[in-house]
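Construct the entire structure; sequences and hints are all you get.
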Amino acid sequence: MNLLFILFFPLLVGAFLLIAKPKHAFIISLSAAILEAIATGFLLYQINETSLAITYMHDWIPEVGIQFSLKADGISGILIGLCALLLPFIIGSTAKTEKADHAQYQGLMLLMQSAMMGAFLAKDAFLFYFFFEASLLPIYFLASKFGGENKSAITFKFLIYTIFGSLFLFIGLIFVYLRTPGTTHSADIETLYLTAHNLSSVTQGYLFLAFFIAFAIKMPIFPFHTWQPDTYTTSPSQGTMLLSGVMLKMGTYGVIRLIIPMFPLGISIWGNTAIVLSIIGVIYGSIIAIQQKDAKRLLAYSSFAHVGLISAGMLTQSFEGLQGALYQMLSHGINVIGLFFVVEIIERRTKTRELAQLGGITQSSYVLTVSFIILSLGSVALPLTNGFIGEFILLKSIFDYSFVLGIVAGITIILGAVYTLRLIQKSMFGNVSRITTEFSKLTLEEKMVLIPLSIFVFLGGIFPNTILHFSEESVLQITQLMK
Amino acid sequence: MTAIIALSLFGISNLFLGFWFPRKVLQILTLLFLAIGMGLTAIDWNHELLWFGNMFRTSNTSINFSLIIQLAAFLVVALSRGFGVDDEHTHPAEYYAILLFSVVGAILMVSFDHMIMLFVGLEILSVAMYVLTGSDKRNLKSNEAALKYFLMGAFATGILLFGITLVYGATRSFYVSNLANIIAATAPESMPSFLYIGVLLMVVGLLFKVSAAPFHFWTPDVYDGAPTIFTMFMSTVVKTAGFAALYHILSGVFGGIYSTWVLTIYFISMLTLIIGNVTAAYQQSVKRMLAYSSISHAGYMLMTVSAKQISSTSTILYYSLSYTLATVAAFAVLIIVSEYQTGRKEKPEDYASFAGLSKNNPGLAFCFTISLLSLAGIPLTAGFWGKFFIFSDSFNRNIIYPVILAILMSAVGIYYYFKGIISMYFKDGDIEKIQVPILFRIALWFCTIATLALGVYPNMVKSLF
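Chains as they are written, first to last, in the working numbering: chain V, 1 to 483; chain S, 1 to 465.
Treat the hints loosely; a few may be bogus.
Claimed, not checked - Taking lysine to any residue and the SDA-like style, the derived pairs with C-alpha atoms no more than 20 Å apart in a straight line are:
1. S:Lys359 <-> V:Asn431
2. V:Lys151 <-> S:Ile422
3. S:Lys137 <-> S:Leu151
4. S:Lys137 <-> S:Leu147
5. V:Lys157 <-> S:Val412
To be clear, the hints were calculated from the coordinates, so they are not data collected in a lab.
Written out as C-alpha cells, the structure reads:
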C-alpha cells in the first residue's frame, strides 16, 4: 500500500493544485513533498531492515499480459530516495518568489515527481515506458510556460528529440515482449531478461542500439546531447533542477534496469562503442564548460560531462561500475541542484548570469560562498565529499575495463576542477563589480535549502557504506544475470 | 438488425417533425433516436443471426462497430448547432434525417453478408455525405467540395462494383460465407486470374472511401470545404465503416488468398503514412492538418486490417474508438474557436486562431490538448494503447519495416500536433471567455474523459471486444 501512496500521492496533490488553483500553493506542495519524503524514507527503512524487495501487483490489461506491477528493490530504492529527497528542496527553492504561490507551477512539479517515481518503481516494461513518456509532459509545460528566452523553439526541440528516442525503446520493448512465452505474453521485466538472453547476438545488438538511443538522448550522451544545454539554460531553475537532478537519472536507471541485464551479447558487440562515446562526452563537455560565459550553461555542460562518466562506468558491466554509477547518480543529483540554486540566487539579486559581470560576492554573502564551495568540491570529487566516492569507484571500473580509456576518463577530474574553480573564482572572488555591490544576504528560506544540501555533500563523503550496502544485493543480482 | 429499420423510420419521421418543431427539439429527438438505435443494436449481443435472406449478419464484431458508429453520430448531433450554417439557410429536419440515413448505410457496411448489401450500404452512406458536404450552399468552397466528392466518390463506387462483378464471375457467389468456402476449397492455380483483379478493385474502391494514399487526393479539399461538423462526421463515421468493411472483406472473405493482396496493402499503408504525416506537418490550417492527420491514421489502421489474427479485430475496434473520440473532440474545439474568430481573423481555422486560448478558456484548451495528445499517441491517452496494439499486432506477424516507418512517422506527428498545443498555451492572443452551450460542453468533456479513462485503463473496453 505504501508503494501506491508514494506513486499516487504527488499525482493527486498536483492535480488538485492544477484544477483548484488554491491560494497557498507553496505550503501545500511543500508539505506534500515532505510527506512524500517521509513515506519514502519509511519504505526504504523497511527494505533495508528486511533486505527484501517490496512489490505490488494488480491486473491492468490481462489479455495482453500487461500488469500494473511495482517493485522497490535496492536500485529502485536509491532512485526513489533521490527523487523524494530532492523534491522538498526544489520546491523550497521557490520560496518567496512569484512562483511560490503559482498553483500551476507547483502542481506540474508534483506531477513530474509522480511520473518519475512510477518509472523508477515499475516492474512491468510497458508501465515503465508509460511513466517514462508521461514524465515529459509536465516538464515540457513547465519549461515552455515559465522558461526564458526563445523557450518555445528550444523546448519543442527537446520534446521531439526525446519522444523520437523513446519510440525506439518502444519498438524494442514490443519486439522482446512478443517473444516471451505464453499466448498472452508477459511484459514483466524479469521475464523479458530471460527471453532476451535467448536471442541471437546480432538481434541483441540491434535491440541494444534501439534501447541505448532512447536512454542516451535522455541522459544525454554524445552525440545526442544537442538539446541539453539550450533546454537547461532556458528552463526555469526548478525545471533545470528536475531535469538534471532527477529526470536524467531515468536514462541511467533504464540502462541499469533494462539494457545491462537484458542484452549481455548485445553489449559485447556495441558496449565498447557506447563507452567510448560516453567518454568523448566527458571530455567534450568539460572542454566546452571551460569556455562558457553563462553560469547556468556552464553547469549544463558540466552535468553532461558527469553523466558521461556514469554511463561509461555502468556499461563496463562490472559490480563496481554499477555500484559507483548508483552512488554517483545520488551525489550528482544533490550537487547539481545545489549549484543550480546558487546560480539562481545570484540571478535573483543581480539579474544576470554572465560570469564577466559578477565577482566579489564573497564579501557580501559568506554563507552563499561557503555552500557554493562545498557543493563545487563535491562536484569536483574532492575526498571527503560525496562526489569523490562515486567518481572514484566509476574510474576504477573504467580502469579495470581498459587502461587507456581509464586514463582519458581520468582527465575529467582535472578539467572538472578547472571549470568549477573558474566558476567560483569569477563569481565569488575578485573585485566587486558594479552590480554585485548591493548583493543582499541570503534569506532564511534560501539558507534552509542550501545548508542541508551542503551537509549532504559531507555525509555522503564520510558515510558512503550505508548507501553502497543498501544497493549491493540488487546490483549483485543484476551482475548474476549477465553471466 | 431492428436498429436499421428503426433508424430509417426515425429518419423519415424526422422529415415530418420538422414542420412542427424547432431545431432544439429536433436535436433532442434525434439524440433520443440514436440512443434507441444503440439500445436496439446492443440487444443482439451474443446472438449471431442472419437476416433479409441471409444478406445481413449480426455478430459481436459488427455490433461493436455499429455502436462506435452510432456513438460518433450521437456526439456529432450533440455538437451540432444548426450545423454551423446561419439560421436563414438551415433545414435542421433534413440534416438530421440525412444523418440518420447515413448511419443506416454505415451499419449496413459493417454487417453485410452479401456483396450487394455492401454496395447498397456504401451508396446510402456516400450519397448522404455528398449532400451534407454541400449543405453550406452559399459557400463556394463547400459547393466545390461536394462536387469533387461526388465525382470521385461515384467513380470509386463504380470501381468497387466492377470488382464485385469480377469476383462473382470467378466464384458464382455473392455471399461472404460462401465465397470464403469456395476460395478455401479451390486450388489457387485453378482460380481464374480475374478473381485477383476483382479483389484488388474492391479493395481500391474501399481504400478510396477511407482516404488511403494514393487515393486520398479528394480528402483535404473535401474535408476543408465541408462545414466542420460534417468533416467531423466524415472522418469518424465514414472512416470506421470503411475500415470495418475493408477488414471484413480482406480477413473474412479473401483471407484464403492472403499472399496475393498483402503486399499491396503494406505498400499502400506505408505510402499513406508518409504522405499523410509529412503533408500534415506543412499545414497552416488546423482543419487541413486534421484532414491530413486522418489520412495518416488510415495508414496506421491499414497495418492491422491485413491481419489474419483474432486479436486484430479488437485492435481495429479499439483504434477506431480512440480515434473517434479524439477526432470528435478536436473538431469540436475547432468549431468553437473558428466560429469565435470568424470576422476577427482573416483565416479563422489557422493555428494562429488558437493563440492564447488557454488563458481565458482553460477547459477548451485542455480538451483540445488531450485530443491532440491522443492522436499523437502519447501515454495517458487512449491513442497510446491504440498504437501499442497496432504495433504489437504487426510485429507479431513479423512486419518489421512498416512498423519502423510508422514509428518514425509518429515522431513527425508529434511535431504537428504539438504545434496546436504550443499555440494555445505559449503564444499570446486575445481570446476572451467563449460561451459554450451546455450540450456541447457535455459532449466535449465526455470525449475528453473517455480518452483519458481509456488511456489509463484500456481494459475497460478492450475486454469487451
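Results for each hint:
1. S:Lys359 <-> V:Asn431: 46 Å, violated
2. V:Lys151 <-> S:Ile422: Roughly 11 Å separates the two Cα atoms, so the pair holds.
3. S:Lys137 <-> S:Leu151: Holds, because 18 Å separates the two Cα atoms, which is no more than 20 Å.
4. S:Lys137 <-> S:Leu147: 12 Å, holds
5. V:Lys157 <-> S:Val412: With Cα atoms ~12 Å apart, Lys157 of chain V and Val412 of chain S stay inside 20 Å; holds.
In summary, the one numbered hint that this structure violates is 1.
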